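Residue numbering for the sequence shown follows the working numbering, beginning at 501 and increasing consecutively.
Everything labelled a hint here was simulated from the structure, so no lab data went into it. A hint or two may mislead.
[To be verified] The following label-pair restraints were derived from C-beta to C-beta distances:
(1) 658 to 632: 17 to 23 Å
(2) 601 to 635: 30 to 36 Å
(3) 618 to 655: 14 to 20 Å
(4) 640 to 609: 25 to 31 Å
(5) 640 to 544: 29 to 35 Å
(6) 612 to 655: 31 to 37 Å
(7) 576 to 525: 29 to 35 Å
(8) 601 to 574: 24 to 30 Å
(9) 575 to 525: 34 to 40 Å
(10) 548 to 618: 33 to 39 Å
[Said to hold, decoys possible] Each computed DSS-like pair below joins lysine-lysine, with the alpha-carbon atoms no more than 30 Å apart:
(11) 504 to 574
(12) 530 to 658
(13) 590 to 504
(14) 580 to 530
(15) 635 to 580
(16) 625 to 590
(17) 574 to 624
(18) 639 to 504
(19) 574 to 625
(20) 635 to 590
(21) 504 to 580
(22) 530 to 574
(23) 624 to 639
(24) 658 to 580
(25) 639 to 530
(26) 639 to 574
(27) 590 to 658
(28) 635 to 530
(29) 635 to 625
(30) 624 to 570
(31) 504 to 530
(32) 580 to 570
(33) 625 to 639
(34) 625 to 658
(35) 504 to 624
(36) 625 to 580
(37) 580 to 624
Remember, predicted model here, so these are calculated numbers, not experimental data. Each residue gets a CB set at the ideal place from its N, CA and C atoms; glycine is no exception.
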Amino acid sequence: MSKKTKVFVVGFHKTGTSSLATALTILGYKVCGAQNHLSRPLINGNLEPFVELAQQYDAFEDDPWPILYKEMDKHFPGSKFILTYRDPEKWYRSCYNHFYDETTAIRDYIYGNGRPLGNEENFKKVYLQHIADVKEYFKNRPDDFLIMDLAAGDGWQKLCNF
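Make the full structure from the sequences, and use the hints.
Next comes the structure, spelled out in structure tokens:
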């Protein structure tokens, strides 16, 4: 069996990442999800645990993978990157409903305060900046980069063609 191209889902949580993970699993990818237990190395700037973990899987989604796209691109040339997108209002409402007043060290690292409650403006600001940064980074690499809006109907055909 040939080695699979690595696929990094670089959209934030609550943008369809779990659904995309399910699709990638169905397509035969070994998917790695959230790594909240590795928050300390990330916060301290030690990315080695993530590089080592990435060697063991084919696809990646959820925290902290979206914020490691540049590093994973450097360590795994030829990888594919999928930015999952969701309307910012609906995205924030989903974060609020799902996380409310709870956080993780990685969400605190991403947002400064990872609790959605009372943090709507900052959540949206960070979310939109992430989207802009990812698009800018991959702007000249259409063969390596795909944007998927699952809520708008993007699905199997778009994913499989990529």
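Hint-by-hint comparison with the structure:
1. 658 to 632: 17 to 23 Å: With a Cβ separation near 21 Å, residue 658 and residue 632 satisfy 17 to 23 Å, so the hint holds.
2. 601 to 635: 30 to 36 Å: holds (31 Å)
3. 618 to 655: 14 to 20 Å: Because 35 Å falls outside the window, the suggested range is violated.
4. 640 to 609: 25 to 31 Å: holds (29 Å)
5. 640 to 544: 29 to 35 Å: For residue 640 and residue 544 the Cβ distance comes to about 32 Å; the hint holds.
6. 612 to 655: 31 to 37 Å: The hint (31 to 37 Å, Cβ to Cβ) holds, given that residue 612 and residue 655 are roughly 34 Å apart.
7. 576 to 525: 29 to 35 Å: Since residue 576 and residue 525 have Cβ atoms about 19 Å apart, the given range 29 to 35 Å is violated.
8. 601 to 574: 24 to 30 Å: violated (36 Å)
9. 575 to 525: 34 to 40 Å: At 23 Å between Cβs, range violated.
10. 548 to 618: 33 to 39 Å: holds (35 Å)
11. 504 to 574: holds (17 Å)
12. 530 to 658: holds (20 Å)
13. 590 to 504: The hint is violated at about 33 Å.
14. 580 to 530: holds (15 Å)
15. 635 to 580: Distance of about 14 Å is within 30 Å: holds.
16. 625 to 590: holds (14 Å)
17. 574 to 624: holds (28 Å)
18. 639 to 504: This hinted pair holds, its Cα atoms lying about 24 Å apart.
19. 574 to 625: holds (26 Å)
20. 635 to 590: holds (20 Å)
21. 504 to 580: Given that 30 Å is the threshold and the Cα spacing comes to 11 Å, the pair holds.
22. 530 to 574: Distance of about 21 Å is within 30 Å: holds.
23. 624 to 639: With a Cα-Cα distance of about 22 Å, the restraint between residue 624 and residue 639 holds, given a limit of 30 Å.
24. 658 to 580: holds (14 Å)
25. 639 to 530: Holds, at about 27 Å.
26. 639 to 574: Given pair residue 639, residue 574 holds - Cα atoms ~16 Å apart, limit 30 Å.
27. 590 to 658: holds (22 Å)
28. 635 to 530: holds (26 Å)
29. 635 to 625: holds (16 Å)
30. 624 to 570: holds (21 Å)
31. 504 to 530: This hinted pair holds, its Cα atoms lying about 10 Å apart.
32. 580 to 570: Satisfied, since the Cα-Cα distance of roughly 12 Å is no more than 30 Å.
33. 625 to 639: holds (21 Å)
34. 625 to 658: holds (28 Å)
35. 504 to 624: The hint is violated at about 34 Å.
36. 625 to 580: Satisfied, since the Cα-Cα distance of roughly 26 Å is no more than 30 Å.
37. 580 to 624: holds (26 Å)
Checked against the numbered hints above, the structure violates hints 3, 7, 8, 9, 13 and 35; every other hint is satisfied.
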